[in-house]
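Participant: These are the residues of each chain, in order.
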Amino acid sequence: MTSTNTKYHQSKSQIANEEQQIIAAKKNPQRFDVIYNKYFLAIYKYILVRVENKSLTDEIVSKVFAKALYKLHQYKFKGLPFSSWLYRIAYNEMNDAFRRNKVKRTVHVPIEQLGDMMCEEEETDTQLREQQIKMLLNGISELNKSEIELLELRYFEKRPFREVGEILEITEENAKVKTHRVVKKLRTIIEKNQSTTHE
Amino acid sequence: MNNIKIKIKDKEPSDESILDRKNFSSVINEYKTIKSSYAKVASFWGATIGMTVFLAFAASETLGTKAYNRSQPNKKLTESAPSIRIEPEKISASSAIEIIKTEDTKLLSSFAKGDYKRTQKKVSKKEVSTMEDNSKINIEEQKSTVEKVKKINVKYIPD
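Keeping their order, the protein sequence lines are chains U and F.
Residue numbering for the first sequence follows the numbering used here, starting at 1 and increasing by one per position.
Residue numbering for the second sequence follows the numbering used here, starting at 1001 and increasing by one per position.
Bound-form chain U, shown alone (with noise of 0.2 Å):
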């Protein structure tokens, strides 16, 4: 079972605080700060862990922000907190940078969080665990792109499926069914290459 990861929760009163926020904002620019503030390191940390190179970070978060500011009288207020909607931007924009600068895009997969993705039954020794993630890595480097962002978004950052529809841009629903056929991917690829190494 995956657990959400709690940083990406707000409570009513936070999200009904935060409107207020985007409300002043839509007024006079300079009242963004408020927001910029508040999520600033979350969605550099965002973009860093895939970009992996601090002067084209600082670069799209600058991007990601102004065009947030930019956009701001089109955002609509759906219950979910702004973060989402700036994730969004920020996986377009970084897509666009990896895109314009040629820039290999980087996975960091979390061991802890892989455990999640296994079924254990038992306990394992530590080889045989070494060994699984090892084939749960190989597997994970055979999917698409968007498949990974799925995982990524979902297994190793632990966001809600609301969350993950909202930044890819799909319903909820949607985003649950996928990362249902992701995960049916990843074991059958896993499966495959096991038997192989078998035979």
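Hints are supplied without guarantee of correctness; some may be wrong.
Said to hold, decoys possible - Quick look at which bits of chain F chain U covers, simulated, 3 or more residues with Cβ under 8 Å: (1) 1007-1018; (2) 1022-1028; (3) 1032-1043.
Read the hints as simulated data drawn from the structure, not as lab findings.
Computed from a prediction, not measured in an experiment: that's the story for all the values here.
Beta carbons are placed, not taken as given, at the ideal position from N, Cα and C, and that holds for glycine.
We have chain U; now place chain F onto it with these hints.
Facilitator: What follows is chain F alone, placed relative to chain U:
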């Protein structure tokens, strides 16, 4: 092969080192740049679309008129009403006055009856041909009158 490096997650950079890079003024500057560039693009496209619409309208107007005229080569845009030609050397002043008087009386009587507008609105081919026939008859009458006047003149003016 997708352009992705897969790595085991290592130590994250410290929050302090990231927060040092915070710069809201750069965001505002970037925002201003985006705003001005979008405004330039919008004005460019506005002008281009406006000009295209204008040119298309002007071209359709010109081509439309030309095509209409080409489709009706025999039609004259302004058709003058059949007129009575009176050759001055063949008519004396008194008879000319008589002719004008009779024409005026005809016109005035038709105006008085309120026929003028009706005749203008409903002019069928038949009526046009009748009008032309009438004008021919009038010309014939005038010619005969001129001949008579000439004869009379010959009789009464001594050499």
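Participant: Mind checking, does the region 1007-1018 of chain F have 3 or more residues with a CB under 8 Å from chain U?
Facilitator: holds (count 8)
Participant: Cut-off 8 Å, C-beta pairs, minimum 3 residues; does the coverage of the region 1032-1043 of chain F by chain U stand?
Facilitator: holds (count 4)
Participant: For the region 1022-1028 of chain F, count the residues whose Cβ lies under 8 Å from any Cβ of chain U; is that count three or more?
Facilitator: Held - the region 1022-1028 of chain F has 6 residues with a Cβ nearer than 8 Å to chain U, which meets the minimum of three.
The earlier numbered hints are all upheld by this structure, with none contradicted.
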